[in-house]
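Residue numbers (my numbering), protein chains in the order written: chain A, 3 to 437; chain B, 411 to 662.
FYI, nobody ran anything at the bench for these hints, they're computed from the structure.
Given the structure is predicted, the values throughout are model-derived calculations rather than measurements.
Note that CB positions come from ideal geometry on N, CA and C, so glycine has one too.
Some clues are possibly wrong.
As the list claims (entries may be wrong) - Calculated from the model, a selection of chain A residues having no Cβ within reach of chain B, i.e. all distances over 10 Å:
| id | residue |
| --- | --- |
| 1 | G26 |
| 2 | P80 |
| 3 | E81 |
| 4 | P114 |
| 5 | Q349 |
| 6 | Y392 |
| 7 | R396 |
| 8 | G397 |
| 9 | Y409 |
| 10 | S418 |
| 11 | S420 |
Stated by the list, open to error - Below, simulated BS3-like cross-link-like pairs (lysine-lysine); rule was C-alpha separation at most 27 Å, straight line:
| id | chain 1 | residue 1 | chain 2 | residue 2 |
| --- | --- | --- | --- | --- |
| 12 | B | K649 | B | K575 |
| 13 | B | K600 | A | K435 |
| 14 | A | K401 | B | K510 |
| 15 | B | K518 | A | K401 |
| 16 | A | K387 | B | K575 |
| 17 | B | K640 | A | K387 |
| 18 | B | K428 | A | K404 |
| 19 | A | K255 | A | K375 |
| 20 | B | K535 | B | K518 |
| 21 | B | K600 | A | K404 |
| 22 | A | K401 | B | K475 |
| 23 | B | K428 | A | K387 |
| 24 | A | K375 | A | K404 |
| 25 | B | K640 | B | K600 |
What the hints assert, rightly or not - Which residues of chain B face chain A? A partial, calculated answer using Cβ under 10 Å:
| id | residue |
| --- | --- |
| 26 | R460 |
| 27 | L492 |
| 28 | N514 |
Listed here are the chains, written in short residue letters.
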Amino acid sequence: MNSSTELKELFIAQFQSFENTLNGEKELPMHQIRKDAIKKFSALNFPSVKDEEWKYTNINPLLSKNFRPADSIPEIDPEFVNKYLFDKKEFITLVFINGYFSKEFSEIDSLPEGLILETISEAIKNHPDLVLNYFSKTASTEKNIFTALNTAFADHGTFVSIEENAVIEKPIQILYVTKADDIFVSPRNLFLVSKNAQVKIIETYAGFGDRSYFTNQVTEFIVNDNAVVEHVRIQDEQLNAFHISTLSVDLEKASNFSSYNINFGGSLVRNNVNTKFNGGFAECRLNGLYVTQGSQFVDNHTSIDHAKANCLSNELYKGILNDTSRGVFNGKVFVRQDAQKTNAYQQNKNILLSNDAIVNTKPQLEIFADDVKCSHGATVGQLDKDQLFYLKARGIQEKEAKAILIYAFASDVVHSISMTQVRDHLEALLAEKLL
Amino acid sequence: MIEIKNLHANIDGREILKGINLTVNKGEVHAIMGPNGSGKSTLAQVIAGREDYEVTQGEILFNGKNLLELSTEARACEGIFLAFQYPVEIPGVSNTTLLKNALNSIRKYRGEEELDAMEFLTLVKKKMSLVELSEDLLRRSVNEGFSGGEKKRNEIFQMAVLQPKLAILDETDSGLDIDALRIVANGVTKLKSPENATIVVTHYQRLLNYIVPDFVHVLYNGKIIKSGDKSLALELEDKGYDWVIEEAAELV
Ligand SMILES: Nc1ncnc2c1ncn2[C@@H]1O[C@H](COP(=O)(O)OP(=O)(O)O)[C@@H](O)[C@H]1O
Ligand SMILES: [Mg+2]
């Protein structure tokens, strides 16, 4: 068992080795950001359950591990990768294995006009001004030690920039696969969507192998005026993996952002989703699903900052928890004094499939404006016995009947995903977990 | 087909069925009548396998098999179908999902091939016309937003698709206007064959004008207190239940 300080020292030492591999890059302004981040990291402490934001989420199991940075691409079964990939003719596909871009599995030839799509390390070299203008601005390293750690090691990940008025028809799928081999990976994404542009992005996180690993991930999104974004995040890590993520979204005037945060895997998972309205008349939909079994622990912390007037947020997170698994939902909605005519709706609904599953749910509304429409609520229940009996009385086996009802419960989280292939994939993953 | 012997059942420790004896052979239609709260639905649900009820005594044989040992779904696969008095709404589950899963599960149980999408659709469309339901029902969620009459017709539609050996219709006539009643009754009549049997639970005689019973039983306070032929239903319609109840009391 490490003490929290020992672990920090370990990461800092690893940062120094990482630095030495960077050679010429060390002189680039980007590296200054990394160095600042490792400083922040060393000044911050790993959270404990005494921190209000980590009250239910004990990260000691993570702190007790000695993970080293991934340093090579492992052998991988193509079938495992393909299981998570959509049709490469219809999707722009990027695959990273242990954080390294895999040309073999990716398909990024003939990109449409108006789209820059590169690995983050290439983008740092090719478009330094663009990257530096936004990088590490939306996701702050000030308070979040994991974001600081990710930023320090930021080398692997994806940069997307959509130019003004460009509508990217093909969705972009980014798959991060990690071999469970006592390593940590720090995928870092920066997505810039210019005025009037439209894009659909799917991020998938998966792992294979028997040992443990740690995905420490950050995605930053800048959604400019009138832009429309659909973002799906599928987390299907190995059941012995650690996964900590932050999705930070800045929404400008009249933009429209839909998020689907789907979680199946991980032994200890913490997702932070932070969205902020920087302009009026924007809309944000946060949809979430967590399906847990065994002793999984999945924590979703979301916040929506209505800093400007006339915006709409609609949040629906649903949990399906089996065995001794545990879920945490904490959803904050701030409506600031000037944010009149805000509409903010938030719901968290849970189904417990066993007596030993637990969910801690805390929807929070903090309203400082007076002319607003807001609601929030949380429910925790079981499968409906009458519905289950009805299905069984029609000859459907108990397991299938339960799966049908669970899928129905989950379906209003995912039914508005516009990409049929993605919906079908999620349905298949859900069936795999349930049957 | 089904033999119920001295069946006793409790809910929450309270005895509801107090010694039911009933034998139904294939090709027969039996009507079970009786005032509200007599235990008619309880009997129907116990046969279907509802776990909330505790069977304390007696047995049920279905084509020679001990029914009480089978799960709800196995009973359905053996050929028991309950048309619910209050069909439950299942938002998010389409009628197609329900029927396809049910039909294929039953076929699998019987060692038959599952139907593919085309075969299924052909079958379902044919059966829909029987109860005059329109095809858009298939995509709708099970019973969600259905009127009372639609729910009852949907039950008969499901029965038509699943083709049970024993159908138990629990108050399928209540809440139906005369047209809907005729549609439902026609559907049931068309599905009748010398190979299957029907138990019609009702407290009105009017359905029995369409579905003519071979036997009529009066269930009261958890027991069958009188049995007769179809003329008993007419007599009950005419004179109510009191005289049967009194008659039974005298016998004790
Ligand atoms: N789920 C239940 N919980 C408690 N009591 C019940 C339940 N179902 C039925 N009962 C009771 O059992 C008795 C018989 O009910 P039921 O079988 O519905 O009668 P019927 O269908 O003949 O009107 C009634 O007294 C009713 O209150
Ligand atoms: Mg009843």
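Okay, the hints, checked on the actual structure:
no.: 1; hint: G26; in the structure: holds, 56 Å
no.: 2; hint: P80; in the structure: holds, 30 Å
no.: 3; hint: E81; in the structure: holds, 26 Å
no.: 4; hint: P114; in the structure: holds, 35 Å
no.: 5; hint: Q349; in the structure: holds, 15 Å
no.: 6; hint: Y392; in the structure: violated, 5 Å
no.: 7; hint: R396; in the structure: violated, 4 Å
no.: 8; hint: G397; in the structure: violated, 4 Å
no.: 9; hint: Y409; in the structure: violated, 8 Å
no.: 10; hint: S418; in the structure: holds, 13 Å
no.: 11; hint: S420; in the structure: holds, 19 Å
no.: 12; hint: K649/B <-> K575/B; in the structure: violated, 34 Å
no.: 13; hint: K600/B <-> K435/A; in the structure: violated, 43 Å
no.: 14; hint: K401/A <-> K510/B; in the structure: holds, 15 Å
no.: 15; hint: K518/B <-> K401/A; in the structure: holds, 15 Å
no.: 16; hint: K387/A <-> K575/B; in the structure: holds, 26 Å
no.: 17; hint: K640/B <-> K387/A; in the structure: violated, 37 Å
no.: 18; hint: K428/B <-> K404/A; in the structure: violated, 33 Å
no.: 19; hint: K255/A <-> K375/A; in the structure: holds, 20 Å
no.: 20; hint: K535/B <-> K518/B; in the structure: holds, 22 Å
no.: 21; hint: K600/B <-> K404/A; in the structure: violated, 33 Å
no.: 22; hint: K401/A <-> K475/B; in the structure: holds, 24 Å
no.: 23; hint: K428/B <-> K387/A; in the structure: holds, 26 Å
no.: 24; hint: K375/A <-> K404/A; in the structure: violated, 36 Å
no.: 25; hint: K640/B <-> K600/B; in the structure: holds, 20 Å
no.: 26; hint: R460; in the structure: holds, 6 Å
no.: 27; hint: L492; in the structure: holds, 6 Å
no.: 28; hint: N514; in the structure: holds, 9 Å
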